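Enquirer: Under this note's numbering, the first residue of the sequence shown is numbered 2, with each subsequent residue one higher.
Hint data in this document are derived by calculation from the structure and do not stem from the laboratory.
Being a predicted model, the structure only gives us computed values, none of them experimental.
Hints are supplied without guarantee of correctness; some may be wrong.
[Stated by the list, open to error] BS3-like, lysine-lysine: derived pairs with alpha carbons at most 25 Å apart: (1) K172 / K3; (2) K162 / K172; (3) K215 / K271; (4) K252 / K294; (5) K271 / K294; (6) K49 / K32; (7) K338 / K271; (8) K49 / K59; (9) K28 / K49; (10) K32 / K3; (11) K338 / K327; (12) K294 / K264; (13) K264 / K215; (14) K252 / K271; (15) K28 / K59; (16) K294 / K215; (17) K59 / K32; (18) K58 / K3; (19) K282 / K252; (20) K59 / K3.
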Amino acid sequence: MKVLFVSAVMPYPLYSGGQIRIYHLLKEMSKYHEVSLFAFIRTPEEEKYIRELGFCKKVTTVVRGRAWQPRYVIRSVLGIYPFVFATYDSSQMRHLIRQELARTRYDLVHIEPGYVLPSVPAVDVPMVVGEHNIEHVVYEGYSRRFPVAVIRPLLYVDVLKLRFWERRVWKRADGVVAVSREDAREISRITGTDRVSMVPNAVAVSSFPFLPQKTCSVQAPVFLFVGNFSWVQNRDAVEFLGNRVWPVIRKRYPDGTLHIVGKHMPGRLKRRLAGNGIDVKEDVADIRTELTKADIFIAPIHIGGGTKFKILEAMAAGIPVVTTTKGVEGLEIVPGKELIVVTNWDTIGQTVERLLTDNDYRLGLVRAARARIERDYSWENVARRLDAAWHAAYERRH
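Please model the entire structure based on the sequences and the hints provided.
Expert: Shown next as structure tokens:
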């Protein structure tokens with residue numbers, strides 16, 4: 002099929018979960034379909050990455066800039082769109098897509114995520130929407146935890162608008178793709194349709210060799226957290242890690258270190274976290290170098306949505322993962338067998354001690370995790386699900 006793919010981001014370099022997902026899906030799907038990409042970029046400098054997307058038939062970009070601009074805020078407050086939709090209301094992108102559809106006959110349009118819809122003109126071909134999260138659920142969780150109480154009502158208004166527009170996008174689409182069964186069920190419930198498919202996030206398995214630690218450094222263990230701090234889930238998690246979890250671990254392991262790796266950390270958050278054995282790294286070119294140093298991957302995630310690339314990659318690399326029920330939300334794994342789910346962080350010291358000292362237990366855990374990744378979470382296998390979703394949407398219209 003000829004597919005026009007509209008993306009909220011340039012899917013390279015692979016810094017964020019959205020970039021990783023879209024890059025690998027485009028790469029795999031381009032083996033079977035002719036895919037043209039229309040992508041939003043933050044700065045013109047991103048155009049240099051077009052050469053990394055040679056598997057696409059063509060790549061067209063439009064500069065959106067950063068989200069927090071007065072024009073987007075005003076447009077959201079005074080207009081019909083919630084904030085994230087308002088930042089993707091681009092007349093330039095609509096014009097370019099309209100021209101492309103007039104010139105070339107496409108079989109299908111895929112938009113990802115759904116909040117780019119304001120930049121997509123009305124189309125007369127099947128449309129599939131790929132969702133990384135149910136955004137209104139993520140923002141609702143953030144609003145509840147927002148520290149300034151007087152601001153929360155304003156945030157809730159945006160959540161209500163977001164819920165309305167997500168539902169409208171899903172009902173308009175010929176097919177919706179979710180990353181987890183939980184998200185797929187919720188979208189089906191909200192829309193009352195059966196046009197929802199589950200296409201999970203995955204790992205480039207061959208890029209993550211399985212190198213588990215046969216023994217750990219009990220005196221000076223290394224802990225790792227990875228995330229893009231543009232997202233509220235990661236900022237919330239790392240604050241909880243630094244303020245609540247790390248002091249407990251540090252008291253038990255005074256020579257231990259915590260490496261926090263990721264882009265776009267706010268300066269004030271970085272300053273609060275720095276010191277006391279915490280090393281914040283924003284310029285890591287290859288996450289695999291950090292994975293090989295780590296004894297334990299720790300991710301105390303409390304705001305759900307989507308599935309977590311950082312957890313999948315740590316599992317693939319052979320690092321024992323300690324997380325929360327929200328951290329494994331959307332992953333079909335077995336807690337206690339393939340990773341550790343903590344519900345009471347007061348006991349984190351005992352959990353860490355067992356992972357560091359019981360070599361048989363730790364190795365059994367990471368071997369089971371790697372087997373799960375190879376079986377269920379490789380991009381080659383996952384792309385087959387998207388292919389089925391595209392064909393199903395096409396057949397519904399024809």
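Enquirer: Indicate, hint by hint, whether the structure satisfies it.
Expert: Comparing the hints with the structure gives:
Taking the CA atoms of K172 and K3, the gap is about 23 Å. The hint holds against a cut of 25 Å. At most 25 Å may separate the alpha-carbon atoms for a hinted pair to count; K162 and K172 meet this at roughly 16 Å. Between K215 and K271 the CA atoms are separated by roughly 33 Å; this puts the pair beyond 25 Å, and the hint is violated. Taken as a hint, the K252 and K294 pair is honoured in the structure, with Cα atoms around 21 Å apart against an allowance of 25 Å.
The hinted pair formed by K271 and K294 meets the criterion: a straight-line CA distance of about 22 Å does not exceed 25 Å. With a CA separation close to 23 Å, the supplied pair K49 and K32 stays within the 25 Å bound. Proposed proximity of K338 and K271 is contradicted: the alpha carbons are some 34 Å apart, above 25 Å. For the hint pairing K49 with K59, the CA-to-CA distance comes to about 14 Å; that is within 25 Å, so the pair holds.
Distance hint between K28 and K49 is fulfilled; the C-alpha atoms sit about 18 Å from each other, no more than 25 Å. Taking the CA atoms of K32 and K3, the gap is about 12 Å. The hint holds against a cut of 25 Å. The hinted pair formed by K338 and K327 meets the criterion: a straight-line CA distance of about 17 Å does not exceed 25 Å. Proposed proximity of K294 and K264 is supported: the alpha carbons are some 19 Å apart, at most 25 Å.
Pair hint K264 plus K215 does not hold up; C-alpha atoms about 31 Å apart against a cutoff of 25 Å. A threshold of 25 Å between alpha carbons decides the hint, and for K252 with K271 the separation of about 21 Å falls inside it, so the pair holds. Restraint check: the Cα-Cα separation between K28 and K59 comes to about 13 Å, which is no more than 25 Å; the hinted pair holds. For the suggested pair K294 and K215, the alpha carbons sit about 13 Å apart, so the restraint of at most 25 Å is met.
For the proposed pair K59 and K32, the alpha carbon gap of about 14 Å is at most 25 Å, so the pair holds. A C-alpha spacing of about 9 Å is found between K58 and K3, which places the hinted pair at or below 25 Å, so the restraint holds. Restraint check: the Cα-Cα separation between K282 and K252 comes to about 23 Å, which is no more than 25 Å; the hinted pair holds. Between K59 and K3 the CA atoms are separated by roughly 12 Å; this keeps the pair inside 25 Å, and the hint holds.
Of the numbered hints given earlier, the model fails hints 3, 7, 13; all others are met.
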